[in-house]
Amino acid sequence: MRLSVLRRSETVIALVLLAAMLLIGLINPAFWNLANLFSLARSNVVIGIMALGVLTVMISGGIDVSFPAFAVAAMYLTVRAMVAWDWQGVAGPFVMATAIGLALGLINAAFVYGLRMIPLIVTLGTGSLVRGFLLGVVGTSQVNIDRMPKSLIAFGSTELTSLSDPAGGHFALSAMLLIYLAMALLVHFLLTHTMLGRGIYALGSDGEAARRVGFDRRLTIFVVYALAGALAGFAGLLHGAMIWLANPRDFNGLELDVIAAVVLGGASIFGGRGSVLGTMLGVFMLVMVSNSLIIMHIATTWQRVVVGFIVIIATAATSWRDRRRIA
Amino acid sequence: MSEPLISLCEVSKSFGGVQALAGLSLTLRRGEIHCLAGENGSGKSTLIKIIAGIYRPDSGSVLIDGETITQLDPITAIAHGIQVIYQDFSLFPTLTVAENLALPSEIHAGRRLVRWRHVHQLARAALARLGIDIDLAANVETLSTAERQLVAIARALMSAPRLLVMDEPTTTLTGREVERLFAIVRDIQRQGIAVLFVSHKIREMFDISERITVIRNGCVVAAGAIGEFNEAALARAMTGQEITAEGYRWMPPPGAKPRLEIRGLTVPGELQGIDLRVMPGEIIGISGLLGSGRTELALALFGLRPTHQGEIRVDGRAAALRSVQQAVSAGITYVPEDRLTEGLFLTQTINRNLLAASFEALSRYFLIDFARARRASADMIAEMQITTPSGERPVMELSGGNQQRVVIGRWLMRDARVLILNGPTVGVDVGSKAGIHRRIRDLAESRGVAVLMISDDLPELVQNCNRILILHRGKIVEEVMAEATTEAILSEILKALS
Numbered sequence: 167m168r169l170s171v172l173r174r175s176e177t178v179i180a181l182v183l184l185a186a187m188l189l190i191g192l193i194n195p196a197f198w199n200l201a202n203l204f205s206l207a208r209s210n211v212v213i214g215i216m217a218l219g220v221l222t223v224m225i226s227g228g229i230d231v232s233f234p235a236f237a238v239a240a241m242y243l244t245v246r247a248m249v250a251w252d253w254q255g256v257a258g259p260f261v262m263a264t265a266i267g268l269a270l271g272l273i274n275a276a277f278v279y280g281l282r283m284i285p286l287i288v289t290l291g292t293g294s295l296v297r298g299f300l301l302g303v304v305g306t307s308q309v310n311i312d313r314m315p316k317s318l319i320a321f322g323s324t325e326l327t328s329l330s331d332p333a334g335g336h337f338a339l340s341a342m343l344l345i346y347l348a349m350a351l352l353v354h355f356l357l358t359h360t361m362l363g364r365g366i367y368a369l370g371s372d373g374e375a376a377r378r379v380g381f382d383r384r385l386t387i388f389v390v391y392a393l394a395g396a397l398a399g400f401a402g403l404l405h406g407a408m409i410w411l412a413n414p415r416d417f418n419g420l421e422l423d424v425i426a427a428v429v430l431g432g433a434s435i436f437g438g439r440g441s442v443l444g445t446m447l448g449v450f451m452l453v454m455v456s457n458s459l460i461i462m463h464i465a466t467t468w469q470r471v472v473v474g475f476i477v478i479i480a481t482a483a484t485s486w487r488d489r490r491r492i493a
Numbered sequence: 011m012s013e014p015l016i017s018l019c020e021v022s023k024s025f026g027g028v029q030a031l032a033g034l035s036l037t038l039r040r041g042e043i044h045c046l047a048g049e050n051g052s053g054k055s056t057l058i059k060i061i062a063g064i065y066r067p068d069s070g071s072v073l074i075d076g077e078t079i080t081q082l083d084p085i086t087a088i089a090h091g092i093q094v095i096y097q098d099f100s101l102f103p104t105l106t107v108a109e110n111l112a113l114p115s116e117i118h119a120g121r122r123l124v125r126w127r128h129v130h131q132l133a134r135a136a137l138a139r140l141g142i143d144i145d146l147a148a149n150v151e152t153l154s155t156a157e158r159q160l161v162a163i164a165r166a167l168m169s170a171p172r173l174l175v176m177d178e179p180t181t182t183l184t185g186r187e188v189e190r191l192f193a194i195v196r197d198i199q200r201q202g203i204a205v206l207f208v209s210h211k212i213r214e215m216f217d218i219s220e221r222i223t224v225i226r227n228g229c230v231v232a233a234g235a236i237g238e239f240n241e242a243a244l245a246r247a248m249t250g251q252e253i254t255a256e257g258y259r260w261m262p263p264p265g266a267k268p269r270l271e272i273r274g275l276t277v278p279g280e281l282q283g284i285d286l287r288v289m290p291g292e293i294i295g296i297s298g299l300l301g302s303g304r305t306e307l308a309l310a311l312f313g314l315r316p317t318h319q320g321e322i323r324v325d326g327r328a329a330a331l332r333s334v335q336q337a338v339s340a341g342i343t344y345v346p347e348d349r350l351t352e353g354l355f356l357t358q359t360i361n362r363n364l365l366a367a368s369f370e371a372l373s374r375y376f377l378i379d380f381a382r383a384r385r386a387s388a389d390m391i392a393e394m395q396i397t398t399p400s401g402e403r404p405v406m407e408l409s410g411g412n413q414q415r416v417v418i419g420r421w422l423m424r425d426a427r428v429l430i431l432n433g434p435t436v437g438v439d440v441g442s443k444a445g446i447h448r449r450i451r452d453l454a455e456s457r458g459v460a461v462l463m464i465s466d467d468l469p470e471l472v473q474n475c476n477r478i479l480i481l482h483r484g485k486i487v488e489e490v491m492a493e494a495t496t497e498a499i500l501s502e503i504l505k506a507l508s
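Keeping their order, the protein sequence lines are chains A and B.
Those letters in the first sequence? Residues 167 to 493, by the numbering used here.
Those letters in the second sequence? Residues 11 to 508, by the numbering used here.
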């Protein structure tokens, strides 16, 4: 029992994460400030929700690089609609953003299932199309804080606890974390406690065997891509609400960060492997590293280098693990 | 005689103009072990898929319990108690044994949620039925092939089947695992379940089956109780040709010097003081249990055991075999057991596959002499008698036997003096097997190649080698002349070792 806990990838990631935290804390003691930890937690929310969708797609043996485009489309369309109609709501706009993401995800699924196309190519294509249409048809102007719907700003600033530091500064734990945790629980439940969820693992593990056993390939593929789209759409609007800004060029290059986080969390590029807990740890690791680079005043361009390294190291580690198991 | 469980009447099926089944009729009775024999491409797989409901026949009918089933799809087939264990087992490598066992029946029970306790209960019961013990929490990818097969069988039995179809179940098993499998199959039969055992291994069919149906080119060419057949008749029915079973007789050429001399070859923990002399044209059979050191001997000769001690001479010259490169330049060639997965570039052309190891020899100043390369590969296709319209066809279009010849041919292009073959005909059907054996003998006789043939297939060794060695715990424990032994004697020797 003890041993099997140690063998789990989540344990390994958690240990690596802990070591990284200790190391960063040594270099920069400010890391352990509650303010910093709260802000770190807050930065997990949007990437984390997107990562849950990407995780599901990757377990099924697919990949999705279109979700940042879907997220930005859902956010920008919804915010522009709110501005245009002077619509002050929270639930309604989030339903709209989620629905936009979901609809776009269904398009991915239709190509992947119906035309048996390679998911990477499909999602590269749909992502590019959606971004292009958004900028070409809807507009390129940013919705700034002055025009941003007040209801969204208020929602995005909801706090769980509010504290003051000795210097008189104010910091708080964002309530958005609860949304992230709730979604993580839901996806965890889907993946581990429903037949549909086990079907996602089965499809990624061996598609032909899944078909012979009687798992519904069509349902699984549609659910997986629709879920990734819906989560991206939701996370997109949440992002807008948290930064009080809707920029139609946002989320550029985010796909790499999120996929890096998911791979770091133990999911396999080849499908059939991965967990919500691992993904959350992976997201935390990635966010923490970029966050620390900022604290240490390292230029943002170098963050790309670090993310690149993380992707390569994490993939190397997982393929080493998989090779050992096959041998 | 028990009642028919499933009957196929005049079933035909074609794929894009290729007639896979041509008016084939077959009856399986309740509770019998029935063997479906045929070479690769004879229509066995199509037949299985029709029984499983995956393919619909173009014409003809399928009867289950005497009633015609018009729309046999996979769900109906399963509902009628038909379970198929495919060659790849259809398991999920990244899921646990428990899930692999229980999920299918949970799907068919229409469950939406996974009840983990129930899954484990189901799985435990399934393994208990076969009397086997496998860790339920282990991922299937960590199991051996034999264990995976047991999981697949246990899973198939969970749905209380009446017919279990096993597609070439012994291909990747060792001798002892095959015996265990047969015990389980007989046990399944005692539970009243019919078994359709699909195979191309003649020996096995006599061991396990009660009735045999032989198909060739989509037609039944022979059928009846096992007692009505003998091995020669069965081979003739399967291949449509007479296969001669004449042993390899070899006479030392006058004044010949040994091609390969091994003195005191030792690899710590693997081989202990191996002494061996092989003359040109000799074919030496090597057998032994798994872990006997037979594969390690091949690896040591091929430069993959750089720490070995002892002396190795090729044509009288001492050969340092510390790397594959050195082994190859000494004229030693090794065709591994898993050549189909690791030895061939399946999507590449036959020419490229043949030339893969020779480009260096065929090039000058980094440029490949393509004219020479083309000639060389055309010659090799002719010499190995590879059946193909052109060397530019991809290797995956070839039959298993022809693929084998490509691999062997590739290494022969390098002018091999010592050829080591590990399981040269594993997974190859009777007809192609005879062809490969013929080629190996020709090579030994006409080119004076010294051949070491490692195999579990004792008839293969007795028939094709002039001398047979048996290894055990890294030592040669027995050396017999093939003409003075039989398969039964060898089998006794091996049994005594285990």
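No lab work stands behind these hints, which were simulated from the structure alone.
Any given hint might turn out to be false.
Partial pick of chain A residues on the chain B-facing surface, computed with a CB cut under 10 Å [what the hints assert, rightly or not]:
1. V303
2. A338
3. A341
4. T358
5. T360
6. M361
7. L362
8. G370
9. S371
10. E374
11. A375
12. D382
13. S434
14. G438
15. R439
Values in this document were obtained by computation on a predicted structure and should not be read as measured data.
Ideal Cβ placement from N, Cα and C applies to all residues, glycine included.
Worksheet entry | Violations among the numbered hints | 1, 2 and 3
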